[in-house]
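Spelled out from the first residue to the last, the chains are:
Number of protein chains: 2
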Amino acid sequence: MKFTPTDRTTSLRNPGKLLYDKDIAYRILDEAYVCHVGYIANGVPRVLPTAHVRVGDVLYLHGSTGSRALLNARDGGVDVCVEVTLLDGLVYSRSWFHHSVNYRCVIVHGRAEPVQDEREKWRALEMLVDTYGTGRSRDSREPTDKELAQTGVLALPLTEVSVKTRQGPPNEDPADVDLAYWAGEVPLTTVVGAAIPDEGVSVPTPSYTRAKT
Amino acid sequence: MKFTPTDRTTSLRNPGKLLYDKDIAYRILDEAYVCHVGYIANGVPRVLPTAHVRVGDVLYLHGSTGSRALLNARDGGVDVCVEVTLLDGLVYSRSWFHHSVNYRCVIVHGRAEPVQDEREKWRALEMLVDTYGTGRSRDSREPTDKELAQTGVLALPLTEVSVKTRQGPPNEDPADVDLAYWAGEVPLTTVVGAAIPDEGVSVPTPSYTRAKT
Numbered sequence: 001m002k003f004t005p006t007d008r009t010t011s012l013r014n015p016g017k018l019l020y021d022k023d024i025a026y027r028i029l030d031e032a033y034v035c036h037v038g039y040i041a042n043g044v045p046r047v048l049p050t051a052h053v054r055v056g057d058v059l060y061l062h063g064s065t066g067s068r069a070l071l072n073a074r075d076g077g078v079d080v081c082v083e084v085t086l087l088d089g090l091v092y093s094r095s096w097f098h099h100s101v102n103y104r105c106v107i108v109h110g111r112a113e114p115v116q117d118e119r120e121k122w123r124a125l126e127m128l129v130d131t132y133g134t135g136r137s138r139d140s141r142e143p144t145d146k147e148l149a150q151t152g153v154l155a156l157p158l159t160e161v162s163v164k165t166r167q168g169p170p171n172e173d174p175a176d177v178d179l180a181y182w183a184g185e186v187p188l189t190t191v192v193g194a195a196i197p198d199e200g201v202s203v204p205t206p207s208y209t210r211a212k213t
Numbered sequence: 001m002k003f004t005p006t007d008r009t010t011s012l013r014n015p016g017k018l019l020y021d022k023d024i025a026y027r028i029l030d031e032a033y034v035c036h037v038g039y040i041a042n043g044v045p046r047v048l049p050t051a052h053v054r055v056g057d058v059l060y061l062h063g064s065t066g067s068r069a070l071l072n073a074r075d076g077g078v079d080v081c082v083e084v085t086l087l088d089g090l091v092y093s094r095s096w097f098h099h100s101v102n103y104r105c106v107i108v109h110g111r112a113e114p115v116q117d118e119r120e121k122w123r124a125l126e127m128l129v130d131t132y133g134t135g136r137s138r139d140s141r142e143p144t145d146k147e148l149a150q151t152g153v154l155a156l157p158l159t160e161v162s163v164k165t166r167q168g169p170p171n172e173d174p175a176d177v178d179l180a181y182w183a184g185e186v187p188l189t190t191v192v193g194a195a196i197p198d199e200g201v202s203v204p205t206p207s208y209t210r211a212k213t
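Protein sequences, first through last, are from chains A and B. Under our numbering, the first sequence has 195 at position 195, and the numbering climbs by one with no breaks. Under our numbering, the second sequence has 77 at position 77, and the numbering climbs by one with no breaks.
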């Protein structure tokens, strides 16, 4: 399955470098813990990091009901650009010019609307908690009515989506390959450390946390 | 040294949670490999990941001269919001509501202008290459005039800046602390892997790459 490119999801410079594969986009969205939400407030751009979860073809964004993005969204939604980038490594070229990074990036454009339906909101929050580990939502206390009222969830349809990735060695100019400089890739990985239980916790660390033991 | 808060760098919701310490902000900007640049194009928000380097009180953003952000900036600059977030861990609470992440985030607002001065541009590119490892700019080929013409650098003054961080255990409701759910922190760290030399490279991997050997 592919997304249909639009003006906003087409590159001016390198149209051939963008991908529109749903599978690739969804794998990147699902792997990332944080997304970067761009929106306009009082005529100027703003970017906020927030937690997200994909459920089918919808991206849910978490927010407090007092935050600017959600206040803007109260009346029928807010135009957003959501960006997720996973950094995979540094790319050392023999030339300054071709230094680069290896990465996987998804950009989503669209109108994010506050989730009004209480069941949809509950389900989105449940899935958000499960991004901390499969089953975590059943292994922690459900929200009270007051907590629910303080939590906002925006829904963004995943229709206008592009993917850009870079992997592999540097793109060297043929004239540079004999220069005696080191060149190559240095991978960067996010690793999960050893869990730090909160004071008073007596149950063992659940395996869904993927924490080192 | 502290930044002076402005409307844009003051939180509606939790004003006390934002910091304005230059030292803290600069350490976060310097540690991150990628920043997220928000800007407005044709009336809609856009966010792009890009490389950055801080030189004194200026944040330089890297771009191709054919990219939308830089095209927008040609005539006197472009309003941007630059966000950098370092993710330090997942925070498991006994309640859905208090699940959180530990992070360090910097937000910069201002007008980014294309660097016209050739010496300033050279210096910014040199410092950008040195973010790959101290001294890397002297250990790789300098740009040609053609490469320089293809590379755009935007300068953003670091004056309107805020910092938000979260560290430590979950903020539990007192009523929840005796619930028999696991709670605590699971640290996330970015680690540098083993270098993958490019084809034909005969010199040893430089230590400035911080690659594992």
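It should be emphasised that the hints constitute simulated quantities derived from the structure, not laboratory data. Note that this is a predicted model, so its numbers are computed, not measured. Check each hint, because a few of them may be wrong.
For identical chains, the list gives no copy identity; a pair is met inside one copy or between any two copies.
Computed list of lysine-lysine pairs in DSSO-like fashion (alpha-carbon distance at most 27 Å, straight line) [claimed, not checked]:
| # | residue 1 | residue 2 |
| --- | --- | --- |
| 1 | Lys164 | Lys146 |
| 2 | Lys146 | Lys17 |
| 3 | Lys146 | Lys2 |
| 4 | Lys146 | Lys212 |
| 5 | Lys2 | Lys164 |
| 6 | Lys22 | Lys146 |
| 7 | Lys212 | Lys2 |
Hint by hint, here is what the structure shows:
Taking the shortest Cα distances, lysine 164 and lysine 146 sit within 27 Å of each other only across copies (25 Å), while inside one copy they are farther apart (41 Å). When the C-alpha separation of lysine 146 and lysine 17 is checked against a cutoff of 27 Å, the pair qualifies only between copies, where the shortest distance is 22 Å, while the shortest distance within a copy is 47 Å. Taking the closest pair of Cα atoms, lysine 146 and lysine 2 never come within 27 Å of each other, the shortest separation being 41 Å inside a single copy and 37 Å across copies. Taking the closest pair of Cα atoms, lysine 146 and lysine 212 never come within 27 Å of each other, the shortest separation being 35 Å inside a single copy and 49 Å across copies.
Taking the shortest alpha-carbon separations for lysine 2 and lysine 164, only the intra-copy value of 14 Å comes in at or below 27 Å, while the best inter-copy value is 37 Å. Proximity of lysine 22 and lysine 146 under a CA criterion of 27 Å is satisfied in neither setting, with 37 Å inside one chain copy and 37 Å between copies. Taking CA atoms no more than 27 Å apart as the test, lysine 212 paired with lysine 2 passes in neither setting, with 37 Å inside one copy and 38 Å between copies.
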